[in-house]
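> My request is simple: use the sequences and hints to build the entire structure.
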Amino acid sequence: MTATAGPRPAPPPRARWPRPSRSATISIASVAVFFLLWQIAPELGLVNGRFTSQPTLVLKAALEVAVADDFLRHARVSLTAFAVGYGLAMLVSIPLGIVLGTSRIARHMLEPPLMALYIAPTLILLPVMIVWLGIGIASKIAVAFLGAVFPIIVNTMAGMREADHKLVRMARSFGASRFDVFTRILVPGALPSIVVGLRLAIGRAVLGVIVGELYVSQAGLGFQLTTYGAAMRIDRLLVYAIAVSIFGYTMTALVRAIEARLQRWRPE
Amino acid sequence: MAQIEVRDLQITYDTPKTGERFTAVEGVTLSVEAGEFVTIVGASGCGKSTLLLAVAGLVPVSGGTIAIDGRTVTAPGPDRAVVFQEASLLPWRSVLGNVKFGLEMQRWTRDDRTERAMRFIRMVGLANFADYHPHQLSGGMRQRVNIARALAVDPKVLLMDEPFGALDAQTREVMGDELLTIWEREKKTALFVTHDIDEAIFLADRVVVMGRNPGHIKEIMRVDIPRPRHEDVLDSDLFNGYRKRLRAHLAEDMASMHLVEGAQA
Ligand SMILES: Nc1ncnc2c1ncn2[C@@H]1O[C@H](COP(=O)(O)OP(=O)(O)O)[C@@H](O)[C@H]1O
Ligand SMILES: [Mg+2]
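Chains S and Z supply the protein sequences, listed in that same order.
Numbered by the numbering used here, the letters in the first sequence go through residues 1 to 268 in order.
Numbered by the numbering used here, the letters in the second sequence go through residues 1 to 265 in order.
No wet-lab data here; the hints were simulated from the structure.
A quick note: this is a predicted structure, and the numbers were derived from the prediction, not measured.
Every residue, glycine too, gets a C-beta built ideally from N, C-alpha and C.
Fair warning: there could be bad hints in the mix.
Taking lysine-lysine and the DSS-like style, the derived pairs with C-alpha atoms no more than 27 Å apart in a straight line are [claimed, not checked]: (1) K60(S) <-> K188(Z); (2) K188(Z) <-> K156(Z); (3) K188(Z) <-> K218(Z); (4) K244(Z) <-> K166(S); (5) K60(S) <-> K156(Z); (6) K218(Z) <-> K244(Z); (7) K187(Z) <-> K156(Z).
In silico negatives: residues of chain S with every beta carbon more than 12 Å from chain Z [what the hints assert, rightly or not]: (8) S30; (9) L63; (10) M90; (11) I130; (12) L214; (13) A219; (14) L262.
If you want it as structure tokens, here you go:
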């Protein structure tokens, strides 16, 4: 087996804004049909409305939640855990990925376990975190951190590894020092991959926070999800679920926008 | 003393598979005077790039010496600049940013960088494209940027490894023409690798013909065509004579290649 064999992350997907097109029209239509079916199915007796709720009920619940459910307090609790976990993950994994990506030995030693952790659902570590850190914000942060850290490390490493040797040689021909090569060639070249990692990490960090709150919290969006789940308040449960999705989607779209800017120089 | 002095040069590469060292260039001796334009031709794999990169200080010398103005080459230096064949532009930098790159590496002051970069961008005819990124440029334009970047650092020696190798025949001729004009004005010493015989003759004061197994110099041919040269010399008897001579060399190489392959079969 050659030295380069081993698990490789899939090439980072290219960011593209959806263009308004036939497919967009079809999507909108299918969403509309979905809402329509959801609304009328309980009334036609096709499903039990207690379990499925209805769009109009969810809308009403959303208004209730917005005015009188401490929504902002719960959102702030979740957001704090997310920001701290994700921020710490960024601080740790970008430098680590850059360093590991430059060292061939470090790469061959650490890539398999890192890939395993990248692929494994880090949520399964939640019980361990609870044992170590107790029930509270620390465990939530830890799970969000663990979710976010591996996609960033792995993608950063991949970006550093895919450094263009021709560009390195060109830089050396102009007398670039190792430091110059690092800062002017390797890191800028890896930037698009790093941002892909940052994007993939968002969903995992959100998941970490919410699932953490399902188990170990007295507040937060995840806590509200369990509360309303237990009370069979499907309408409110869905409001919180949608709020979480919107947050994740917005963050992801934001990073995608950065990605698109960075990749302007990348031809197809 | 000549500006570039290559003496009994040997270059070997590690071949991890067999564990032996592969000799790419052996016994190469070559002097290039200041301001001279020397081209190197030869079949692919005969060590042209290796020789050029060694002069650039990018490939370690395993035997013999290379000196520029009497100083032994051990690493790249500001007295030399390389124009590579393929896209060696930084894709995330604009044309201006790319031309500034060498100036940044060689610690030119900030003001000088922009001014000089723009001057050479203008010289290669890309003044209106300074803000473009490489993927927005044609192959010919990209090579102009490469040339501008190399000239901007004010090297004494310009080293070019098949800079027009990826261009179509017509663009290639135009670029050769422009390169000569610039070279005549800038008075640089030029070492230029190509596998195109016409290009080798058209540009050169002397053509170095290399052969393979291992890479060596077969002949050094002086080209006595007065400058400035124009494309019509390509049809002259004089040019045809040079062309025949180089073709004979390369045909010989091709024949020996087939013999080797036949023996292995
Ligand atoms: N980095 C390298 N490692 C091992 N062998 C090499 C390397 N670069 C070139 N070679 C070998 O050295 C010989 C000469 O290569 P090169 O100088 O690129 O030839 P040319 O430019 O004339 O086509 C070839 O046989 C090539 O395979
Ligand atoms: Mg070559």
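> Each of the hints needs a verdict: does it hold here or not?
Structure-based check of all given hints:
no.	hint	in the structure
1	K60(S) <-> K188(Z)	violated (79 Å)
2	K188(Z) <-> K156(Z)	holds (6 Å)
3	K188(Z) <-> K218(Z)	holds (26 Å)
4	K244(Z) <-> K166(S)	violated (35 Å)
5	K60(S) <-> K156(Z)	violated (78 Å)
6	K218(Z) <-> K244(Z)	holds (15 Å)
7	K187(Z) <-> K156(Z)	holds (8 Å)
8	S30	holds (36 Å)
9	L63	holds (47 Å)
10	M90	holds (21 Å)
11	I130	holds (44 Å)
12	L214	holds (42 Å)
13	A219	holds (44 Å)
14	L262	violated (8 Å)
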